[in-house]
Amino acid sequence: MHEWALAEAVVEALRSLLERGELAEIHRVVVKVGELQQVEEEVFTFAIKELLKLSGLEGVKVELVRERVLLRCRSCGYEWSPDLESLGLREKEAVHFLPELIHSFASCPRCGSFDFDIVRGRGVWVWRVEGRRA
Amino acid sequence: MEGRGTAGLDPRLFVLERRLSGVKRVVAVASGKGGVGKTLVASTAALALAWAGRSVGLLDLDMHGPSCHVVLGIEEPRVVEDRGVVPIDACGVKLMSLFLFAGDADLPLRGRDLTDVALELLAVTRWGDLDLLLIDMPPGTGDEILDVMNFIRRAEFLVVTTPSALSLMTVRRLLSMLSRRRAPVLGLVENMVSEEPKAEALAREAGVRYLGWLPADPLVERCLGNPDQLLQTDFARALTRVLRSLGWVS
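Protein sequences appear in the order of chains A and B. FYI, the numbering for the first sequence is 1 to 134, going by the working numbering. FYI, the numbering for the second sequence is 135 to 384, going by the working numbering.
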């Protein structure tokens, strides 16, 4: 599962905070999950918790926060949230792996341009880490 | 307990080293100029190395026109997952490319999006153990090459030119940029030589090794997608000599 690779990245980020001495202990992590990546949240949470255990960090509370996707057209400035359900299976899978591929399958509902920015809701982000200072 | 919040860490940045930990060397095949044969050099070199028994990966970072799969004879896009994304096997070469996800869809990507695609591919691809990972770079000295220098600090560069003055002029800029960044350059390969090679002087001027020249070989086009035939061409034989001079094959 691709979610495992993303979970590994999250746990590596936490381990790095400890190794760099930024924190002595980690108690809670809030991970922002952009809607565009369509992460399987249950699998993702499970993977993070399993990998935390393997890293000796089993006490860390994991919270996921979903972020709605927002696109902004670079041609006319219109902002919108695309309907990901309207994508075909293959297209959805492509965007799941590489969210930027939304550029290949969506265009601005107002002017038709595919030159737009992903303003928010792209992918996985370690949003907040709580713990004890070193 | 003393609490603190750390807002905004991109977790992908923390896993890049681990993803490449089994890879002995990373070599980006770059030029600065389009149409000089970077894809053919990178793909054929990967095939020749695999044929010589090396474990080799090929990452196609040409975001707007991925085409290594064409050289390797891969016709259908497909994604293989195993706790991440696994490169597909193409005649012994482990291939990762945007093509595997996007197929033939158009790719109107720019700026931050290009960086995010590169970062995502590097963060989720499980290469395993490799003697060498070759990266096929797009033309230009923009996002992708800057990203490789940022995300893979140990990347070395194999620079490709043709004898054309247009190519030599652009490659000079690339070599200057790589030198300013103190990026290791393995050498300069001169491709598509039909009369006489002309790039040796540029290599000398830039203080990089001239690795030799490859002939303009009309047979190559007919061998695209057929690795066995491709490896029999004069082009591939000359490229193998370059690989030998680099000590990559015996």
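Treat the hints loosely; a few may be bogus.
As the list claims (entries may be wrong) - Derived coverage of chain A by chain B (criterion: at least 3 residues anywhere in the stretch with Cβ under 8 Å from a Cβ of chain B; other residues may be distant): (1) 4–11; (2) 95–107; (3) 114–125.
Unchecked claim - Quick look at which bits of chain B chain A covers, simulated, 3 or more residues with Cβ under 8 Å: (4) 233–244; (5) 273–286.
Please keep in mind that the hints were generated in silico from the structure rather than gathered at the bench. For glycine and all other residues, C-beta sits at the position ideal for the given N, C-alpha and C.
Do the hints match the structure? See the list:
{"no.": "1", "hint": "4–11", "result": "holds (count 6)"}
{"no.": "2", "hint": "95–107", "result": "holds (count 8)"}
{"no.": "3", "hint": "114–125", "result": "holds (count 8)"}
{"no.": "4", "hint": "233–244", "result": "holds (count 9)"}
{"no.": "5", "hint": "273–286", "result": "violated (count 0)"}
The earlier numbered hint that this structure contradicts is number 5, and it is the only one.
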